[in-house]
Amino acid sequence: MFKILQKKKLAENTFMLEVSARKIADKAKPGQFIILRIDEKGERIPLTIADKKKNSIILVILNVGHTTGRLSKLKKGDTLSDLIGPLGNSSELDKFGTVCLVAGGLGIAPIYPIAKALKEKDNKIIVILGAKTRKHLFWEDKFIKIANKLIICTEDGSKGTKGFVTKAFEAVIRKEKLNRVICIGPPVMMKAVAHISKQRVKTIVSLNSIMVDGIGMCGSCRVKVDGKIKFACVDGPEFDAHKVEFDNLMQRNTRYDKIKHKRCY
Amino acid sequence: MASSKRLEPKELNPEERIKSFDEVNLGYTEQEAVEEASRCIQCKNPLCVSGCPVNIDIPCFIKEIKEEKFENALKTIKKTNNLPAVCGRVCPQEKQCEIKCILGKKGDPLNIGKLERFASEYESNDKNKDISKLKESVAVVGSGPAGLTCAADLAEIGYSVTIFEALHKPGGVMIYGIPEFRLPNNIVFKEINNIKNMGVKIETNHLIGRTIEISDLLKEYNAVFIGCGAGLPKFMDIPGEHLNHVYSANEFLTRINLMEAHLEHSPTPVKIGRKVVVVGGGNVAMDSARTARRLGADVTVIYRRTGIEMPARVEEVKHAQEEGVHFMMLTSPMSVLGDKEVSGIRCIQMSLGEEDESGRRKPIQIEGSNFNISCDQVIMAIGQGSNPLIAKSSKLKHDIRGNIIIDENMMTSLAGVFAGGDIIGGNSTVIGAMGDAKKAAQAVDAYIRKEKFI
Numbered sequence: 001m002f003k004i005l006q007k008k009k010l011a012e013n014t015f016m017l018e019v020s021a022r023k024i025a026d027k028a029k030p031g032q033f034i035i036l037r038i039d040e041k042g043e044r045i046p047l048t049i050a051d052k053k054k055n056s057i058i059l060v061i062l063n064v065g066h067t068t069g070r071l072s073k074l075k076k077g078d079t080l081s082d083l084i085g086p087l088g089n090s091s092e093l094d095k096f097g098t099v100c101l102v103a104g105g106l107g108i109a110p111i112y113p114i115a116k117a118l119k120e121k122d123n124k125i126i127v128i129l130g131a132k133t134r135k136h137l138f139w140e141d142k143f144i145k146i147a148n149k150l151i152i153c154t155e156d157g158s159k160g161t162k163g164f165v166t167k168a169f170e171a172v173i174r175k176e177k178l179n180r181v182i183c184i185g186p187p188v189m190m191k192a193v194a195h196i197s198k199q200r201v202k203t204i205v206s207l208n209s210i211m212v213d214g215i216g217m218c219g220s221c222r223v224k225v226d227g228k229i230k231f232a233c234v235d236g237p238e239f240d241a242h243k244v245e246f247d248n249l250m251q252r253n254t255r256y257d258k259i260k261h262k263r264c265y
Numbered sequence: 266m267a268s269s270k271r272l273e274p275k276e277l278n279p280e281e282r283i284k285s286f287d288e289v290n291l292g293y294t295e296q297e298a299v300e301e302a303s304r305c306i307q308c309k310n311p312l313c314v315s316g317c318p319v320n321i322d323i324p325c326f327i328k329e330i331k332e333e334k335f336e337n338a339l340k341t342i343k344k345t346n347n348l349p350a351v352c353g354r355v356c357p358q359e360k361q362c363e364i365k366c367i368l369g370k371k372g373d374p375l376n377i378g379k380l381e382r383f384a385s386e387y388e389s390n391d392k393n394k395d396i397s398k399l400k401e402s403v404a405v406v407g408s409g410p411a412g413l414t415c416a417a418d419l420a421e422i423g424y425s426v427t428i429f430e431a432l433h434k435p436g437g438v439m440i441y442g443i444p445e446f447r448l449p450n451n452i453v454f455k456e457i458n459n460i461k462n463m464g465v466k467i468e469t470n471h472l473i474g475r476t477i478e479i480s481d482l483l484k485e486y487n488a489v490f491i492g493c494g495a496g497l498p499k500f501m502d503i504p505g506e507h508l509n510h511v512y513s514a515n516e517f518l519t520r521i522n523l524m525e526a527h528l529e530h531s532p533t534p535v536k537i538g539r540k541v542v543v544v545g546g547g548n549v550a551m552d553s554a555r556t557a558r559r560l561g562a563d564v565t566v567i568y569r570r571t572g573i574e575m576p577a578r579v580e581e582v583k584h585a586q587e588e589g590v591h592f593m594m595l596t597s598p599m600s601v602l603g604d605k606e607v608s609g610i611r612c613i614q615m616s617l618g619e620e621d622e623s624g625r626r627k628p629i630q631i632e633g634s635n636f637n638i639s640c641d642q643v644i645m646a647i648g649q650g651s652n653p654l655i656a657k658s659s660k661l662k663h664d665i666r667g668n669i670i671i672d673e674n675m676m677t678s679l680a681g682v683f684a685g686g687d688i689i690g691g692n693s694t695v696i697g698a699m700g701d702a703k704k705a706a707q708a709v710d711a712y713i714r715k716e717k718f719i
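Protein chains in written order, with this note's numbering: chain A, 1 to 265; chain B, 266 to 719.
Careful: at least some of the hints might be erroneous.
Which stretches of chain A does chain B cover? Using the computed rule of at least three CB atoms under 8 Å from a CB of chain B, they are [unchecked claim]: (1) 36 to 42; (2) 85 to 95.
Mimicking DSBU-like on lysine-lysine, the simulated pairs with C-alpha atoms at most 35 Å apart in a straight line are [said to hold, decoys possible]: (3) A:Lys29 x B:Lys331; (4) A:Lys121 x B:Lys370; (5) A:Lys167 x B:Lys605; (6) B:Lys371 x A:Lys76; (7) B:Lys466 x A:Lys202; (8) A:Lys230 x B:Lys499; (9) A:Lys224 x B:Lys434; (10) B:Lys484 x A:Lys3; (11) B:Lys360 x A:Lys23; (12) B:Lys434 x A:Lys27; (13) A:Lys258 x B:Lys660; (14) A:Lys73 x B:Lys466; (15) B:Lys309 x A:Lys41; (16) B:Lys331 x B:Lys371; (17) A:Lys258 x B:Lys434; (18) B:Lys662 x A:Lys121; (19) A:Lys41 x B:Lys605; (20) B:Lys284 x A:Lys53; (21) B:Lys484 x A:Lys116; (22) A:Lys198 x B:Lys484; (23) B:Lys662 x A:Lys75; (24) B:Lys660 x A:Lys243.
One-sided and incomplete, this derived list gives chain A residues near chain B with beta-carbon spacing under 10 Å [unchecked claim]: (25) Ile24; (26) Gln32; (27) His66; (28) Thr67; (29) Lys132; (30) Lys135; (31) Asp226.
No lab work stands behind these hints, which were simulated from the structure alone.
Quick caveat: nothing in here was measured; it's all calculated off a predicted structure.
Even for Gly, the Cβ is constructed at its ideal location relative to N, Cα and C.
Input sequences plus hints: build the corresponding full structure.
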């Protein structure tokens, strides 16, 4: 059993859980994820580790489906029956020079530990955060502390620049000499960012394909990268954005849309 | 004179059983078991035992059944096999003990598997067997047939054993893979409980190589046994394999067996196909086909060789046929058809040529023989590769396929770390993994005695 130590609303429909998990916290590195199951009757869902403390991990959840809806109703002191991690490969962390981190929606959470670690490696960090409205934005305060430059975009212009992150990213890539781009968000956003950075700067994306076990056993999360079948759970979740077949990913992510009473996360 | 015909236990009739996941084979009654056991002629030099990967004293337990000493029969089996209820159901007996049975020369071999299953039901309640504990301890990676067997054997010797399982339930392939109509979960859990009652601890949700490294385990335990199974499903790398509703057999079976996706209460989704094509000819292909059939699909198995070469157990093929699964032999897929979702599969006819390195005749494509089968779901059951996670993270020597390399004592390139079952390139059977695990348990014991001078 894994105890919920803290629960906090971060933004519209978005909340944070701090879960007691000493062994996972001990090993977790930026870019890795966990799979959880609420109880005996629950499904397994993957969530990226957004931060960690000595004996606990921080998960950020967008309430969009069955299990995330159930998670949103849990309180401090409640428990999760199953939690496994850290899963997947950790991010490549090095002194690249200037790194632009582009995050959209829930992607803001998983990009935070990567940004923090890259800052610790003495990189110049430019962060672009995108949200639907200012109400959907979170962790601005955490990013201010580590980013050399922080750009906020909202679709309705209620905060920062009006429009998608791609517009801001185009401006950054024109002005700055970037050594690395890291992008996490909805596949359509990652595809657009990859399109802009192609043949200009190496770009890494973290893929959110549908998983079951998360340990390489089932192949549900497979995606084509460089023409080859890769499993997001064990070969990823991060891949070279310019080699990922995003259309394939987006199509496979619609697999269970029609099975409405059992919508996947 | 004993009958040359073997007695088959009753089975659920095919029309009824495809409406549920209830176990198909009902097992012997006491009377039937005694009658079948009486056919054994108690060979002085019993060949059946040599066919058993864990060397069960078969003539002895058969004699005990004949004499209606059923609990003794189970005790005899359990001397070398801690999972009799499982093995009695899923072992390929026709290729192991029964093929060697002398009765098979003139009639049917003795039904050893079904008698083993029968005996397994006579568990005496010797809960919490007090085995004197040694202070040495062993970590076991994986709670499938290999892990459980090795753990039980080591616990029997007196070691304190902890099993680490990645999934949320123990049992490995016996839980996520083999469906309930062939091996009910409660049978597996009963066997697991028996092993727990020997003092073995099971920690779920631990992925070794990520949650804990092998090097961490070596600090806490005197030795480690890796029995994590193969675990990476193979795909054919043909066009259209990325389409929605192309599943690996592992994904399809895991969603249903482990996550109960076919049940209304389960939030885990699964595609319930109307017309399903299963690619492959092994037990996993049969399990997938029969599962899809129970979910209401019209199911066709395509296999590139013929029935003679099919690796599945004879009983599984027979059951699949009875349940209305169609078989298309000498058929190989070329591509999966469809736009976003599967709408069919393009196949080609094969013929058999010369024997290949596996000793089976190699299938060759017949040019121009392409044809399409329409379907809305494709399940790839063409085998598995080894998950390289543990080998890579702890730098164990492994081959290009990811199989961990071991020496003659089942020890890996790291001292004190042993491995067995499918992760060393085993033969993909429960009993094969158990045979390895038994050998490894002996080697672990010898290693600890040598190193620690017990």
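So, against the hints stated earlier in the document, which numbers end up violated here? 3, 4, 6, 7, 11, 13, 15, 20, 22, 23, 29, 30 and 31
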